[in-house]
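Chemist: Here are the chains, one letter per residue:
Protein chains: 2
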Amino acid sequence: MTDSINASLDAKFLQDWMELSSFGAVEGTGGVERQAASVADGNQRKWFATLLESHGFRVERDAIGNQFGLLEMAPGQPFVLTGSHLDSQPTAGRFDGAYGVLASAHACFRAARKFRDDPSLKPFNLAVVNWFNEEGSRFKPSMMGSSVFTGKLSLEEALATTDSRGVSVHEALDSLQERGIFDGVDVSSYAEIHVQQGRSMEEDGITIGLVDAVWGAHKFELRITGEQAHSGSTLMEERSDALLGAARLVVAARELVDQFDPGLLHTACGYMNIYPNSPVVVASEVQLLFDLRSPSSDVLSAAYKKFTEAIHEVGRRDRVDILTVAEHSWEQNPYPEDGVELARGVANELGLTSERVMTIAGHDSTNMKDKVPTVMLFVPSVDGISHNVNEYTRDEDLIAGVDHLAGVLLRLGGSLV
Amino acid sequence: MTDSINASLDAKFLQDWMELSSFGAVEGTGGVERQAASVADGNQRKWFATLLESHGFRVERDAIGNQFGLLEMAPGQPFVLTGSHLDSQPTAGRFDGAYGVLASAHACFRAARKFRDDPSLKPFNLAVVNWFNEEGSRFKPSMMGSSVFTGKLSLEEALATTDSRGVSVHEALDSLQERGIFDGVDVSSYAEIHVQQGRSMEEDGITIGLVDAVWGAHKFELRITGEQAHSGSTLMEERSDALLGAARLVVAARELVDQFDPGLLHTACGYMNIYPNSPVVVASEVQLLFDLRSPSSDVLSAAYKKFTEAIHEVGRRDRVDILTVAEHSWEQNPYPEDGVELARGVANELGLTSERVMTIAGHDSTNMKDKVPTVMLFVPSVDGISHNVNEYTRDEDLIAGVDHLAGVLLRLGGSLV
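Chains as they are written, first to last, in our numbering: chain A, 672 to 1088; chain B, 672 to 1088.
Only chain A is shown next, with the shape it has when bound in the complex (with noise of 0.2 Å):
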């Protein structure tokens, strides 16, 4: 391609992404909302079914709100996948996700303009994903769309999820048209670009993240029980309040990083649910969920075993009742080796600093590479700021990862080598 042509298709991909960017945008930031199901995310989804429809894509949803976009070029061949989801979290930024899922579009326009511009290469089926519900904001769990496709979560009860207005699945996707009956894709292989959640290639100075692994995480919902009381007149000593119990656990999850060496272990817990709620009332139930994250398989047993420790000393304690409700977890866990090495040829050639790294926020891709040939990419973000309206990555990142994904999918597709 000449630069004059690049030059254009890069205005281009700029110029759609300043559309998307529109679609639920938070006054007076650079963030936009639109967690899964809202009218924003209807918006932005019919905006996508006509941008693919115009360079002559197939769009088709599946059951659970998966958007398709297909280009077929080799009739009854598996398709490479692109994608990654356009839903957000409340006040987020505008590049976790949707950066991935419209860099994956353009980087298949780039391929389908290669295969028009020489015959010789062999053409290969080109589809673009945006998962539904990658974040879980609204709809627990998160990364449903990608979980259902890959047979991780069973359709039925992920439809059945309800959000905290007892709104589902099923509800919320009908009442935008979002619900389909598309089969999916028959998959060969799969590539997902994103936004680093972290400053490390920033300091670095490097363009192209290839994702070797995925954090281990230990992830739980509790359901702490206490018992509802005049908060004013019952004795300290009679109270069992399940919010004091929330509030001990929030704290040692705290403390619990530091008893490891810096960085080995986070721990979070962004969510609670707090019964009745009312001034003057000790709660009675406080449903809360926590994170622990570490690179390292063993810290992250540690931490475990201490953590479930602390449960059972507040629970003591405070004469509280704490249930774990659910849990699931991960190994830290690879990404395919070849994917990365193929992925730093492409890099290669392009001119592209690349360097390896892990991810410590699971992906649609962490589904998808336990079922095939995957390949994962970041692109820095300005101070790692992430789930944040000042959320922020330069231009030419965003289109240096567009190429770069282009020249992965040519060659996941058996075009170039």
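Rather than coming from a laboratory, the hints here were simulated on the basis of the structure.
Nothing false has been slipped in among the hints.
Stretch by stretch, here's where chain A covers chain B in the computed footprint (C-beta under 8 Å, at least three residues):
id: 1; segment: 757-769
id: 2; segment: 799-810
id: 3; segment: 894-902
id: 4; segment: 922-933
id: 5; segment: 946-958
id: 6; segment: 1050-1059
Derived pair list, reagent style SDA-like, types lysine to any residue, alpha-carbon separation capped at 20 Å:
id: 7; chain 1: A; residue 1: Lys-811; chain 2: B; residue 2: Pro-947
id: 8; chain 1: A; residue 1: Lys-811; chain 2: A; residue 2: Leu-994
id: 9; chain 1: A; residue 1: Lys-811; chain 2: B; residue 2: Asn-948
Beta carbons: idealized from backbone N, C-alpha and C, even for Gly.
Starting from the known structure of chain A, arrange chain B on it as the hints suggest.
Modeler: Below, chain B without anything else, positioned relative to chain A:
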């Protein structure tokens, strides 16, 4: 009165009590849920108005939804007012407030009968009041109706207050047709009866509690501001976690109690509003309410000082901003001694055991006693359970309270001495 007439009045009270307890009944429990200006509150208000009218009362509503039943037997003279509140906390007991309102009505019925039976008694004006929103669970602050009535809170501010869904007091009252234009009554004295929210009377075998003081209290609303971030990937030392700050303060408030002699300090946090309250997101803001209460002014001010230090320490250590949005406090505070002695005389005359008690919780009488001669009475509560569906007071104690309150009203009105 003869025993058979008394038995019939008692039976009528218990029948009305059963009917009243059916509004907002929580299935499978003896409790109720009828928060201020809810549908259940509207229904019980209509029932109560009909009851009063059937006994010859004129029913009026003022601009903040206080419901008055007027029995004008001495035209142009001021009124002896008696009442409490029908609104409840979520999943609350059926006695808190509601007993006081129905006991007031029946005490007035008994007083009115006295006048009919004994033409030598000098009649006076009697009024029953159902104060709006004593609990403060749906609309803050608590004791809203009596605070507006006594000029401690402006009507405009109270009407503009919104619940968590953005519905204002003004709108909620209008939807029930419970916002009126009544100017209020000229009150000569006030009496209120309530179930004790503690177990001391039960343990001491006492039927009538002569409330002689209210504990001191310091209540405040804090807003903790952190920085929204990805709760997996953000480095621990870079986080500014509002929920962690909130949890540290909940623990600090509990630990404060142990720095004083047993029973001298109660602390509580029962309400927390977390934003964005989403999995995998560090909270950027938490609003929460704290109460410190003590029967000793010295303890209360020492505890307040220590808690203020804890606020500064948490802000510094966890890098969060902590703002005191609102606070109000009252000193340990006596009820009029004349009223205590008047109530003791009535108990002696009726052969009921009585003792002086303090109230830890505030009541509408806490507002009224600053304006007019006021008597505050308790009946015992089994195990002192409060703000809980298992709250329970025996029928014989309920009835003794009605009898006693009727005697108090006749003395406050000057018909008996």
